[in-house]
Amino acid sequence: MGSQVVGQAVNVLMVSSIYIMVALGFALVFSVMRIMNFAHGAIYMIGGFVCYYFAVSMDLGPWLALPLTMCVTGLFGVFIEKFCFRPFRRDFEKATVMAIALVTILKTGADLTVGPLAKGMPPLVAGSVSLGSVAFGADRLVVLFIVCLLLTALVLLVRMTQVGQAMLAIAHDPEAASLMGININRISSLVCAIGCGLAGLAGGLVGSVLVLHVSVADTILVRTIGVIILTGIGSIGGIWAGGLAMGALDTLGPYFLPFVVSDPFGFALVVLILIVRPRGFFGHEM
Amino acid sequence: MKNKRFKAFSVIGLVVLLLLGPLFLESYYLHLAIMVFIYVIVASSLRTVYISGQLSLGHAAFMAIGAYTSAVLAKTLHWSPWYTVPLGALASTAVAIGIGFPFSRLRAIYFSMASLFFGIMVTSSAGLAPGLTGGFNGLHAIPRLFGFVRMPYYYLFLVSTLLILLILYRVEHSRIGMTFKSVAQSHLAASSRGINEGGMRILASAIGAFFAGIAGGCYAHYVGFIAPAQFGVMTSILLIVYLITGGKGSFTGPIVGTVILYLTPYIMGGFQGYAPFFQAGVLIAVIFLLPEGMISLPGQLMSWLRKPGEGRRAAIDAP
Chain V
1 MGSQVVGQAV NVLMVSSIYI MVALGFALVF SVMRIMNFAH GAIYMIGGFV
51 CYYFAVSMDL GPWLALPLTM CVTGLFGVFI EKFCFRPFRR DFEKATVMAI
101 ALVTILKTGA DLTVGPLAKG MPPLVAGSVS LGSVAFGADR LVVLFIVCLL
151 LTALVLLVRM TQVGQAMLAI AHDPEAASLM GININRISSL VCAIGCGLAG
201 LAGGLVGSVL VLHVSVADTI LVRTIGVIIL TGIGSIGGIW AGGLAMGALD
251 TLGPYFLPFV VSDPFGFALV VLILIVRPRG FFGHEM
Chain G
1 MKNKRFKAFS VIGLVVLLLL GPLFLESYYL HLAIMVFIYV IVASSLRTVY
51 ISGQLSLGHA AFMAIGAYTS AVLAKTLHWS PWYTVPLGAL ASTAVAIGIG
101 FPFSRLRAIY FSMASLFFGI MVTSSAGLAP GLTGGFNGLH AIPRLFGFVR
151 MPYYYLFLVS TLLILLILYR VEHSRIGMTF KSVAQSHLAA SSRGINEGGM
201 RILASAIGAF FAGIAGGCYA HYVGFIAPAQ FGVMTSILLI VYLITGGKGS
251 FTGPIVGTVI LYLTPYIMGG FQGYAPFFQA GVLIAVIFLL PEGMISLPGQ
301 LMSWLRKPGE GRRAAIDAP
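Top line first, the protein sequences correspond to chains V and G.
Residue numbering for the first sequence follows the working numbering, starting at 1 and increasing by one per position.
Residue numbering for the second sequence follows the working numbering, starting at 1 and increasing by one per position.
Hints were generated in silico from the structure; no laboratory data involved.
Glycine included, each C-beta is placed from N, C-alpha and C at the ideal position.
Heads up, a few of these hints could be off.
Take a look, some chain V residues computed to stay more than 12 Å from chain G by CB distance [said to hold, decoys possible]: (1) THR96; (2) LEU157; (3) GLY164; (4) LEU168; (5) LEU179.
Under the rule of at most 16 Å between Cα atoms (straight-line distance), these lysine to aspartate or glutamate pairs were calculated in the EDC-like manner [unchecked claim]: (6) LYS248/G / GLU292/G; (7) LYS248/G / GLU172/G; (8) LYS4/G / GLU26/G; (9) LYS119/V / ASP59/V; (10) LYS248/G / GLU93/V; (11) LYS248/G / ASP91/V; (12) LYS94/V / GLU292/G.
Listed below are several chain V residues computed to face chain G (Cβ distance under 10 Å; list not exhaustive) [as the list claims (entries may be wrong)]: (13) PRO87; (14) PHE88; (15) ALA101; (16) GLY109; (17) PHE136; (18) ILE225; (19) ILE228; (20) ILE229; (21) ALA268.
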């Protein structure tokens, strides 16, 4: 029993950390540019396949492939910010159409090039770690460690540096920020690069633990929006809690309830929260 | 006056074309036309919700409620689809009113997010009662309205689409429709004039849900098979795309958008696999070049032809 609890805890932490990483990027893009990037899930999926390409097809190994993936998806983020989202900043409807066009292109591209079969990647680290009487894959711990490191770095970037303060300023009031000499275009590019880079890296990390498939794009997008709604917009600390809750719900739900029940009930909870507290648990007034 | 007469003539011409068309068309094209009719109903009902200031990202869920209610009643209780389709639409309206009370407190993007989650919730609850709804594998062998010949479906759906469009048009141009628009423009100004903002939002959602439910029921009894995935998030977002690329500012917008965007993958023929690229290209071209949607294309073309380079100003001046 005890061993099961520890094993499940590791699973919850790993799934949650992936959700948090994707949701943070989504939330950053949302708060700075006020658009919902529905293509975020597709970028996560593309990240997984790019990582697979580097690691397996080009035989570079996962440790070189992961940073390369992050660079590629980050550059892609700069590209879509400049050419797709910049004209429609703060225009929710047109940006939604644009994002749907991007999702269509990315998913069809992946379908045509990769095909419908799921891919698997070699694990980051072989072997397992034993803790008392339980043993679990070392790769899961490595994934968890990488995600924690990156997220801490991101939080420090937002909280401690001038660039991070500029992001917060734009999120708060773009006109005032622009009057204070903040280059909104540059910061938006940076934010999009960070968001897409994190999403791509998350896709690559998941590829080494689970499998890669075109359909993960929709799944992760729904989960991401769930985390965002649970926590509210504009709170970085809250996303950690929301991601943990969502990860726990997804991982542990099937244990306590029949599988099909956990899905609608989880979302019913999210809708309920939205009704009781439209700003989410930690959100600020917009 | 001349413009009005031209409009009336073109509508009559279109109706005659639609009435006579199937006599010369193959069965496959009839199927496409029937699907277009169904989605035109849904997209236009979404517009009724939209003009009250609510961008619903879960509209396909109302289609799902109508389809499932009607299909389950017809299949398990052996009721005639002629009764179950309106019942499904009423069920969908009831749900819309029920969730309307909490949801009408949410504005703008919060409403969009809540409706997105409502959509996910509805489709995933189909898995709660697999015995009744067939779970995620879908419900097979739903009783059909007329069997397998497509011609009667075509005429029934054509007539009901025209009727529903007429009703929605009258609603939009009635006092209620004006009230919806005033609520969308400024909820403060509207409520200071004594308009019940929340009530109007609920009414708009209920009207939209009723017709979406009818479309869902028609779909179920025409195709004979429904599954949760057919009414999922992507369907809801696609409806939004039909509405916005068609032209959200005009009644004909969602109709034009649905017809063009639904048919684009099929006219590609030999390039089936690459058809989504083409569709995405259309979307991108429309939002960059035609800010008012596809329906503004003729006006835009005229202005580009008249004075090259003045297109941008024409786009701003367009109503």
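Now for the hints, and whether the structure bears them out:
{"no.": "1", "hint": "THR96", "result": "6 Å, violated"}
{"no.": "2", "hint": "LEU157", "result": "26 Å, holds"}
{"no.": "3", "hint": "GLY164", "result": "24 Å, holds"}
{"no.": "4", "hint": "LEU168", "result": "19 Å, holds"}
{"no.": "5", "hint": "LEU179", "result": "25 Å, holds"}
{"no.": "6", "hint": "LYS248/G / GLU292/G", "result": "7 Å, holds"}
{"no.": "7", "hint": "LYS248/G / GLU172/G", "result": "13 Å, holds"}
{"no.": "8", "hint": "LYS4/G / GLU26/G", "result": "34 Å, violated"}
{"no.": "9", "hint": "LYS119/V / ASP59/V", "result": "15 Å, holds"}
{"no.": "10", "hint": "LYS248/G / GLU93/V", "result": "10 Å, holds"}
{"no.": "11", "hint": "LYS248/G / ASP91/V", "result": "14 Å, holds"}
{"no.": "12", "hint": "LYS94/V / GLU292/G", "result": "10 Å, holds"}
{"no.": "13", "hint": "PRO87", "result": "7 Å, holds"}
{"no.": "14", "hint": "PHE88", "result": "7 Å, holds"}
{"no.": "15", "hint": "ALA101", "result": "4 Å, holds"}
{"no.": "16", "hint": "GLY109", "result": "8 Å, holds"}
{"no.": "17", "hint": "PHE136", "result": "30 Å, violated"}
{"no.": "18", "hint": "ILE225", "result": "7 Å, holds"}
{"no.": "19", "hint": "ILE228", "result": "8 Å, holds"}
{"no.": "20", "hint": "ILE229", "result": "5 Å, holds"}
{"no.": "21", "hint": "ALA268", "result": "6 Å, holds"}
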